[in-house]
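Read off the chains here:
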Amino acid sequence: MKSWLFTSSLLLLVLTACRQASPHDQQIKTLKTIHSWAATAEMVGEAWTNGQIPNQYAQQTLAKSQAEIAQARNEITDTAISVQIQQLDKVLAQINSDIQQQHQSAIAEPLHQLTQINQQLDALIKQ
Amino acid sequence: MAGQEVHLEQLLGKRVTDSLGQHVGHIQEVRAEQQEGEWVIVEYLVGIAAIVERFSAWNLGISFLRLLGSHKLPTGLHIPWQQLDLSDPMHPQLHCTLAELKRMTNQL
Amino acid sequence: MSKLLEIALGIITSIGGFLDVGAIATAAEAGSSFKFQLIWAILLGTVCVIFLVEMSGRLAAVSKHSLASAMRERFGFNFYILPLVAEIIVDFLILGAEIGGVCIALQLVTGISFQWWALPVAFTVWLLLWKGNFSIIENGVSFLGLVTLGFVVATFKLRPDLPSLGSGAIPTLPQQDITHYLFIAVSILGALISPYLFYFYSSGAIEDKWDESHLNINRAVAGLGMGFGSVVSLGVLIVAALVLNPRGIQVDSYEQAALILTQTFGYWGFILFAASLGIVCFGAALEVNLDTAYIVAQAFGWNWGENLHPQEAARFSSVYTIFVFLAALLMVFGIDPLQLTLFSMALTAVILPVVITPFLVLMNDQEYVGNYRNGWISNSVIIFTIALAFVLAIVAIPLEILGG
Amino acid sequence: MDLIRDVLDNQLVDRHHRKMGKVDGIIIELRDGQPPRLTDLETGATTLARRLHPRLERWIAALEQRWGAKRSEPLRIPWAKVRQVGIDVEVDLEAEQTTALAYEQWLRNHVIRHIPGGR
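Residue numbers (the working numbering), protein chains in the order written: chain A, 7 to 133; chain B, 1087 to 1194; chain C, 92 to 495; chain D, 165 to 283.
Hints may contain errors.
As the list claims (entries may be wrong) - Here are a few chain C residues that face chain D, going by a calculated C-beta distance under 10 Å:
| no. | residue |
| --- | --- |
| 1 | E164 |
| 2 | F166 |
| 3 | N230 |
| 4 | F234 |
| 5 | R406 |
To be verified - Anything over 12 Å on all C-beta distances counts as not near chain C; from chain D, calculated:
| no. | residue |
| --- | --- |
| 6 | R169 |
| 7 | L194 |
| 8 | G197 |
| 9 | Q198 |
| 10 | D204 |
| 11 | S236 |
| 12 | E237 |
| 13 | P242 |
| 14 | A244 |
| 15 | N273 |
Hints listed in this document are in silico derivations from the structure and should not be mistaken for laboratory results.
Cβ coordinates follow ideal geometry from the N, Cα and C atoms, glycine included.
This is chain A alone, in the form it adopts within the complex (with noise of 0.2 Å):
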């Protein structure tokens, strides 16, 4: 029973260690993330845009992904990408306000902000 708690912890520590990940590794986990939320956004405002989902939850998952990409981005070192961040936080707060105002037209905009920030990011983890 103890030599079988030994292996196990030691396997625990083995595989601990291995995941102690470079800052690099984190940062681009981060960003997937933060990247996974900003074209959660996206698609949200597109399908409303099309009338394919209700407000409620287009306006509820818009808040939702402020909030990750929020959490996110404390985890963030780099100055560059973090001012990118603040950028693209607005545009998230500037759809959100729409969706709220019904402005269909003025959608049109700050999606397009959003789809070019994505590809951004998306340029950034694939480095």
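Using the hints provided, position chains B, C and D relative to the given structure of chain A.
This is chains B, C and D only, laid out in the frame that chain A set:
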């Protein structure tokens, strides 16, 4: 000892020692028979083989052992009721030695 | 009832039994994060589950004893207490997750936060169990479950690239995110090979008074029913891979998964997703709750049965009454349903060895299954699944701690 | 007959095949010069708890004395009442008349009947 009441379920898994204090095995099964209109205990089964028997998984157990390349099959020990002293149910003890028991019951 | 009808009903039911919050969540997560690379896990899980479900049905049909009772009688209570306690804990978390799935579906449609729905949903589950009988639970809800075929239709409409689908059937490791990949693989297998299904299915066979003449039905239902369920799971994975993965969306929350059908079906796609999630999870919540009452009652030899009036099986009906409201509290406290789902699926993988190993003994026991003992193929599948389960259990614990 | 395999922990049913718990314990009587005799079967939560841990038995007993049907002593069934031992153990009794169902009856009368639809 006469008239003493014992909880059989408490015996399950108890370690049996022989008259010299040597380890015999753990009780895994108890066999009863009907004699003159009442049910009485005839023997206690001890050891790994007794577990296999308890799960009535003999066929499976045997084929598994063959697979592992074993030709000698474990039989486990059958202890006749006369040979087991249960006056202290927490520490069942043989009235004889392990060697005597094996000779007596012609096992192994 | 004609045999054909019985088979058809059984198949539909087992699609419902196969699909639950875990199957949908893990498939969506797998597809969005790793494209087709985890298809093999669904296929492997399906084969194992078909064999094990067939066995639990056969055991019940021949011996007239459910899996839980048989385990307790053969292995003794001191052993059975292990799988019993483990299963109650896992059932508790899964039931919370299933209730969460229904609540999320309602939140998607109404916009009212899922936490508010938890108690009303729990009450509805309880009311159906309290008032209904086994065939209502079994057939009524599962017919509604046919809406999940929408995922299969979407798959065809999206025209996936067949060779790359095929390559997903062979296990390979990704270049990055290996821990996350393994965590999802373990969760998929945990979601598909779920012990509650075996306990529930064998108890159900007894509720339906199966005997030897039902063995063919049992085989058809296990094979085709689980097979169809698996096709729907694959559909979820493929659609998520085709719709979400190219955009870089990884499903970390149900809100994201809700988008997977809008591209194909528009507004109705959104509704279809919510309906599928809600119905599947509601059906599974009924089953998991009932399952817990089954295994507790069978552990102690109490009178049990969904076809009995609550007062004929007072302790049995008390168990499901208390259990469902306790599990709903998980949602009331606002635990994230998707994270809870993934966690409980991985935990299921940990308890699998102790649940599956007894199959090997029981399914070869002359006294229980008589002439219908396992052949070498079935025994090999059990041994393989036990080995797989051990590996999963060992892998799952560190992954769980590291959070995948 | 293998007592651990065929009797202990098996389903206990009454003469109408109504489930009345499981065999939690078997009591034997030691005799001088004669094989031990099977005297009773036992069914009850305290007997079961004792097998897991002696402390658990005390807890269960204390719990049972305080709440519900207030019965903590297990039911003993003389071996003479045992009709048949198959996968189930059938005894020549009327389940409802014994204390084996004390908690079932208590729940039925005090809780289940008071919930709408439970009657």
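Outcome of the hint check:
no.	hint	in the structure
1	E164	5 Å, holds
2	F166	8 Å, holds
3	N230	21 Å, violated
4	F234	24 Å, violated
5	R406	5 Å, holds
6	R169	7 Å, violated
7	L194	23 Å, holds
8	G197	32 Å, holds
9	Q198	28 Å, holds
10	D204	17 Å, holds
11	S236	15 Å, holds
12	E237	17 Å, holds
13	P242	19 Å, holds
14	A244	21 Å, holds
15	N273	9 Å, violated
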